[in-house]
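Turn these sequences into a full structure, and let the hints steer you where they fit.
For the sequence shown, full-length UniProt numbering assigns the number 1 to the initial residue and increments by one for each residue that follows.
It is worth saying that the hints were derived from the structure and are not from the lab. Be a bit skeptical, because a hint or two may be false.
[Said to hold, decoys possible] Lysine to aspartate or glutamate pairs mimicking DMTMM-like chemistry, simulated, CA-CA at most 20 Å apart: (1) Lys-129 x Glu-116; (2) Lys-154 x Glu-209; (3) Lys-109 x Asp-33; (4) Lys-26 x Glu-102; (5) Lys-46 x Glu-29; (6) Lys-84 x Glu-116.
[Unchecked claim] If you anchor each label on the Cβ, the simulated ranges turn out as follows: (7) Gly-222 x Leu-249: 16 to 26 Å; (8) Lys-46 x Ser-104: 14 to 24 Å; (9) Lys-109 x Ile-148: 21 to 31 Å.
The beta carbon of each residue, even a glycine, is placed where N, CA and C say it ideally should be.
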Amino acid sequence: MGNHATCRPADVSYPTDLGLLNQARKRTETIIDILYKSLEGKTINKPRTYRNIARKDYLLVAKKRRPTVQERTKAIKQQLQYIKRNLSHIQQLIELSTSLSELSNRQYKMLLVVAEIHRQQLWLYENKKQKIEDRIVSLTQPHIRPIIRGKAGKRTEFGAKLSASCYDGYVFLDHISWDNFNESGDLKSQVEENKKQAAYDEGIRNYIEGKFGQGKRRFSLGRVMAKLPHTSLTAIAITFLVMNLSTLLSRGFWGFLWQFFQIISFFFNSIRKSDVLPNFKQQKLIFAFA
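This is how it looks when you write it as structure tokens:
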């Protein structure tokens with residue numbers, strides 16, 4: 001029995017504050033178009049979103065290879081202002097008897113996510129911080145959190161963190177979460193439950209690392225393509241199920257081959273013994289007549 005943790009990366013592009021705000025701004029513009037289109041009577045002019053100017057302000061910094069901190073901060077402030085204006089326009093349209101039922105469930109959820117992103121990014125900007133609790137890094141998958149791993153080349157990964165243990169060649173999924181956690185707590189409970197069965201050592205740890213590598217190369221553990229949180233967790237659990245079934249099938253196959261060759265060798269030995277006895281009797285008769 002051994003325990004180790006890894007992160008299964010989600011299918012998201014590497015997030016940046018400026019890029020996330022730009023995507024959120026465009027979503028608010030789409031929602032404004034939908035709500036204004038459904039407004040009866042059109043008693044007011046369509047709210048101005050300055051979408052073309054906002055896009056130019058974003059591209060002015062996004063296209064630079066290495067923008068300065070001041071340029072990036074200024075661009076973030078501009079996008080925050082555009083989103084704040086758009087959110088106020090949406091609130092105004094709602095007060096003018098425009099119903100949110102005009103939005104689909106996905107669009108309504110997106111509006112809530114955009115409002116939370118604006119709150120988080122505004123707090124980071126005003127307090128000049130880089131970290132905030134439950135930080136959203138993907139507009140379409142707001143459940144994903146940054147997982148600090150400290151690996152060479154991949155200090156931060158974005159996806160579900162999972163803790164797994166191994167016993168008798170099979171891998172068991174013990175803990176999975178979208179938030180970061182310390183796997184040493186799981187290890188303590190697992191060792192207490194299984195201390196009579198096996199001991200935790202470095203060899204088992206390396207075996208689990210190998211299983212993780214096998215899962216990422218052969219069983220799509222390297223990147224989860226599902227978008228919803230429950231379907232993502234289901235896909236991860238099914239991956240471990242398929243890995244264990246593959247191990248079971250491999251053992252059954254090699255056991256079948258061992259039995260097959262045992263039977264073949266038994267028949268060959270029987271045939272050889274049956275050939276030796278007539279040859280011996282024939283040679284004995286020849287010597288007797290001679």
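Now the hints, each set against the structure:
no. : hint                          : result
1   : Lys-129 x Glu-116             : holds (17 Å)
2   : Lys-154 x Glu-209             : holds (17 Å)
3   : Lys-109 x Asp-33              : holds (17 Å)
4   : Lys-26 x Glu-102              : holds (18 Å)
5   : Lys-46 x Glu-29               : holds (11 Å)
6   : Lys-84 x Glu-116              : holds (12 Å)
7   : Gly-222 x Leu-249: 16 to 26 Å : holds (22 Å)
8   : Lys-46 x Ser-104: 14 to 24 Å  : holds (21 Å)
9   : Lys-109 x Ile-148: 21 to 31 Å : holds (27 Å)
Consistency with the previously given hints is maintained throughout, with no hint failing.
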